[in-house]
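With chain W fixed as given, assemble chains L and E onto it according to the hints.
Protein chains in written order, with this note's numbering: chain W, 9 to 317; chain L, 861 to 1203; chain E, 4 to 553.
Just so you know, the hints here were simulated from the structure itself, not pulled from any lab data.
Treat the numbers as computed from the prediction; the structure is a model and nothing was measured.
Don't take each hint at face value.
Once the Cα atoms are required to be at most 20 Å apart in a straight line, the calculated EDC-like pairs of lysine to aspartate or glutamate come out as [to be verified]: (1) W/Lys201 - L/Asp1059; (2) E/Lys314 - L/Asp912; (3) E/Lys261 - L/Asp1046; (4) E/Lys177 - E/Asp188; (5) L/Lys951 - W/Glu161; (6) E/Lys438 - W/Asp203; (7) E/Lys81 - E/Glu411; (8) E/Lys289 - E/Glu508; (9) E/Lys531 - L/Asp1050; (10) E/Lys261 - L/Asp1050; (11) E/Lys292 - E/Glu316; (12) E/Lys525 - E/Glu508; (13) E/Lys253 - E/Glu241; (14) E/Lys525 - L/Glu1148; (15) E/Lys531 - L/Glu1148; (16) E/Lys438 - W/Asp94; (17) E/Lys531 - L/Glu969.
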Amino acid sequence: MTTESFAAILRHRRRHPERPAWMEQPGLPAQAIKTVVIIGMVVAVAYPFLLCLGTSLASKDELAANGGYVLFPSDPTFEAYRVVLDGGVVTRAATVSVGVTLVGTLLSLLCTISLAYGLSRPGTTAGKPLLLLVLGTFLFTPGIIPNYLVIQELGLLDSYGALIAPTLLNAFNIVVMRAFFQGIPDELHEAAKLDGAGEFRILRTIVLPLSKAVIAVVGLFYAVTYWNSFFNAMLYINDGEKLPLQMVLRSYVLQGDTFNAKALGVAVLPSSTAMSMAVLILAIVPIVAVYPFLQKYFVKGVLTGAIKG
Amino acid sequence: MSAAASTSPSSVLPHPPPDDEGPAGPGTPRRQKGRATAKTVKRPLRERLRRDRTLLLLCVPGILYFVVFFYVPLAGNVIAFQDYQPYLGFKESPMVGWANFQALLQEPEFWTATWNTLEISAVQLLLYFPAPIALALFLNSLLSSRTRRFMQTVAYLPHFLSWVVVVGMFQQAFGGAGTVTSYLNDHGIDVGNLMNNPDSFIFLITSQAIWKDAGWGAIIFLAAMASIDNSLYESAAIDGANWWRRIWHVTLPGIRPVIIMLLILRLGDILSVGFEQILLQRDNVGQEASEVLDTYVYFHGVVDGDWGMSTAAGLMKGVIGFVLIYLANKAAHRLGEQGVYRR
Amino acid sequence: MAVQGFNRRTFLGAASATGLTLAAGGTLTACGSGAKANAGAEASAKLKLPAYVAANVPQPDLPGNAQGLDAGYLRYPKNLVQRSGAKPGDGEPITALTETFTTMPPAMRRNAYWQELNRRVGSEFRMTIVNGLGEESVYRSKFNALIAGGELPDLMWFPPNQGLKNIPQLLDAKFHDLTEYLSGDAVKEYPNLANIPSYAWQTAVVNGRIAGYAVPYGRMGQVYVANEDFWKPVGGLEFDSAQDFFEKAKDLLDTKRKKWVLEPAYVNHMMQFATWYGLQNKWQEKDGKLTYMYETDEYLAGLEFAIKCQKAELFYPDPNLRTTLEKMGGGFLGLHVQSFPGFLNDSAMYDWPEKVVVPFAAEKGMQPSWHYGYGSVGFTAINNKVPKKRVKTLLKVLDFLSAPMGTETRRFLDNGIEGKHWDLSKDGDVILNDKGNAEVLTTRQAINFFGNAPQSLYLPGKPDVTRGIHETEVELIKIAQADASTGFFSDTYAGKGQSSKTELEESVKDIIAGREPLSSFKSDILPKWRRTAGDAMRREYETAMAKGKK
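So here's chain W without its partners, still in its complex pose (with noise of 0.2 Å):
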């Protein structure tokens, strides 16, 4: 193909229906670096996450023939998850993790706007110094065992509460927060004060409309906080059915691959790489398909259009 006819093919281009008028048609270099931009970005993560897949359904016995991994497993069996599924000990835990990601999150949000607002208005009383308040957490760490003696003395030893307590609320994500909030303009305050809104009103009507994109992503970084963690539970559970999923489905893997799937009732055992891969993917499936959901709120122009309206 020659230069004229790509040229007679752009020209001809169908105009894609969410380009605003005033945006230039890009050029085909620009286009086809793009689409390798995405395709290898596609291929970068995607290969992996189906080495997993292939190797979650692989038999043990094709592993042991491929050495270890399988893209496509010739003959695909769902074995491992069954074993790790059976008994509904993961279902059991799959609750409680749900339950303290979504009230855990709720909580760490509420916290987080209140005192992300209170600090993000200029000329505060005491602002400057709660602020360093705050910042200091993000700079030193206090021992596991002062934590753990705190935990116990308010009494949420092998409770919910110790799940959701130690990360109730993360410095970062309130600088963060605060920045957004900071970034509203102050016209807005002026004219809510002028008609006699009160701070609580006006984070209410006009702060938290306006936030719904950094709401969304210190939202995620909380849920994913939670789903992720089992450090705490580590340390303050005790009581079987009150362990969050990561926590088990860790324990699953990490040791004993006999014994675990023994204790689960199952006679042939799967490959403990096959079920280190189930795992993985079980994991993280549900936190993964939260995202997709947030990102409507990123999209552009909305918090213009919401003010203007």
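Chains L and E alone, transformed into the frame defined by chain W:
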């Protein structure tokens, strides 16, 4: 939204609003010139408390939380100055002054580890830090919202793999027995074992970090970009700015406060680099190339149950981080940025 | 993954799965049971260990012995000894801190096995079970947190690894001295405790006192496991010398087909090589002088041989191998180092022919060696807030938990209730059913950390495997050597033993990988080890042992 309806700000988030000079057009980098409301005339404390009571009340739960769950247990860091014995407790354990710090500082290996840490941090600041921004710009440039959402999800997936898996995957591809390595070898290209080369280790772990976390890091920038007013792009385009100039003059200034804030926070964390990631690859490249501060403390304090020494290391890191954040914030103010906190 | 430090993953959980519990090698056994001020060394030496009286149980099919050879059972023993007399418990709840490496057991209210255990003991067992997911520091943290918080359970398990400091002082402050209850003939009041071998009790002696109940465990250390099929082309696993081994291994190497010979755990392999030259087990005494294995020519010889193997590319090229067993089974690897229980577990689980390579003479005239493990999994101490008169009750409960193979109690402890948790096969094997697997295995593992019987070999339905393993044990024990410092204590070991060992081994890895020259071992690495810990440990052990001789 009645209160908001009367105004039409040129841009909403997350940079500070323009001052009296009117909306800054594209091409004029925004500078903060102090906010009118910040110039509070000193009023009596009681009156100020009264005025701010709602705001302060909003702070109460969070601050209380940090006091109970952070600052109370933080007092336990006193063991950095103790020969801590759990059976004696924090009160009875003998004080040893700076001995735990001295034990750290006098070891040459500690300084090697510190130097390695700084080197890795520097490379990562240079290469890893901008990666999520670049990725966010790219994702933001995708027009079709379906493609964009799909790509966002693809990019953020690897964040959920543990380091054990990520390192395993890299080895599966680039290790001495890896698929890519074998393929290249079969075609007469000898790349050696990329995973076992101490000289390129720093770039290896940086690329792993980018692969794993660039998509995750991009989220926050995407949120910031979502808050930029579309009309800014429109007027820029009408003024003849091409896509590159629009990124340079609209998008980047729009997310600049967030970039600078994250940069400052990262500086505070400069002495921590991927502990688990590096520990996992220690056998590949040996201790000299891979010893960082955290692994040093792990191998010389934690495995021996030396609580005092590991706490001392944590405290030092905190203090240095604090100083760096303070200085970086000062510098940001000099440059007219708002930084993490205000003057 | 059998790289050092990860061997623990299979050490208990895996072993219990096959119906037996044996000694782990490697990292676990490399650790002492804790610190002991040398002031107490003299007292330790003079202490009378609990008398050994073998339990009166049916003759096993394969005999055990006092050196650590495990008794073996081809089928589950018949004519079990029935327990007589009162229940050991006093009706009051018993609290305990213990660990598990696997799945948490079902809660007591839904766990028929646990409930039956409470009924038989006559007290409710309230266990706090720590699951550190393989990270050792978690148990240590919880242990220390409980101590700092001041609310200790009745029974507290002391793991045999480092990181618990000043154990003598801690024991003085918070736990009962069990010497008067257990020393010498006193132990005979508890027949199952008298059945625990002396090498295990040695590990429970701290500062001249019996600090706790020694949790018995097999004495088998690390073994060199091969896939027999892999070695067939060169005539199997018989080697005349190290050179013979090297040449055969080189013949088998086929990197084009992704076949390597050695799993990439340098230090583990190096230690096996060194035993072909006769490497001593840790500390050994000669004319009142102690030397450590690092300081011997044999260690250096093993190191040199490992370098030779590395240069010949016999090691798998990527150290981070997580699929060792798949590669072993698929014939992509020929040899790996495994803890003994890990080996047992693998042979029960996989079909490929696993065989232990018993150390052979590296050169003609050399005497190969093999290293015993530790012989216990630490000890269980009794909180001194427990009234004195209740100590005997708790010891009786521990005696109950130590009921040996051949008793009805052991059959219950290992397998639960007949018909509910297990059934007898027509061959006479005890086979756990699903409920047994779910309740007994998980609960039992937590219990076995603080109370267990001396080890025995029994693999349900695999009499041939059991026999083969027993034969291997016999061969290994012929050349086995124990660490001379067992039963003696050193402060330096408690404080710096683990980190100095790790540091040296990291450097050894660098040497084998070719990142550092061999000469650096003698010029830098060994002197550094001596400076940071070695010489002080030597001094402390020598003093302790000299006093012991008087």
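- Does glutamate 1148 of chain L lie within 20 Å of lysine 525 of chain E when you go C-alpha to C-alpha? Holds, because 18 Å separates the two Cα atoms, which is no more than 20 Å.
- Does lysine 438 of chain E pair with aspartate 203 of chain W here, judged by a C-alpha cut-off of 20 Å? violated, 69 Å
- Message: Hinted pair, alpha-carbon criterion (20 Å max): lysine 531 of chain E, glutamate 1148 of chain L. Please report holds or violated.
- Response: holds, 16 Å
- Message: For a C-alpha distance cap of 20 Å, please report whether lysine 289 of chain E and glutamate 508 of chain E respect it.
- Response: Since the Cα atoms of lysine 289 of chain E and glutamate 508 of chain E sit roughly 25 Å apart, the hinted pair is violated (cutoff 20 Å).
- Query: Does lysine 531 of chain E pair with glutamate 969 of chain L here, judged by a C-alpha cut-off of 20 Å?
  - Reply: Between lysine 531 of chain E and glutamate 969 of chain L the Cα gap is close to 12 Å, so the pair holds against 20 Å.
- Restraint check for lysine 438 of chain E with aspartate 94 of chain W, where alpha carbons must lie at most 20 Å apart: Holds, at about 13 Å.
- Query: Holds or violated: lysine 314 of chain E with aspartate 912 of chain L, Cα cutoff 20 Å?
  - Reply: Violated: lysine 314 of chain E and aspartate 912 of chain L sit about 73 Å apart, past 20 Å.
- Assess, step by step, whether the Cα of lysine 261 of chain E is no farther than 20 Å from the Cα of aspartate 1046 of chain L, and give holds or violated. holds, 13 Å
- Does aspartate 1050 of chain L lie within 20 Å of lysine 531 of chain E when you go C-alpha to C-alpha? violated, 38 Å
- Restraint status (C-alpha distance of lysine 292 of chain E to glutamate 316 of chain E at most 20 Å): Violated, at roughly 39 Å.
- Task: Compare the distance between the alpha carbons of lysine 525 of chain E and glutamate 508 of chain E with 20 Å, and conclude whether the hinted pair is satisfied.
- Result: holds, 14 Å
- Task: Assess, step by step, whether the Cα of lysine 951 of chain L is no farther than 20 Å from the Cα of glutamate 161 of chain W, and give holds or violated.
- Result: holds, 17 Å
Of the numbered hints given earlier, the model fails hints 1, 2, 4, 6, 8, 9, 11; all others are met.
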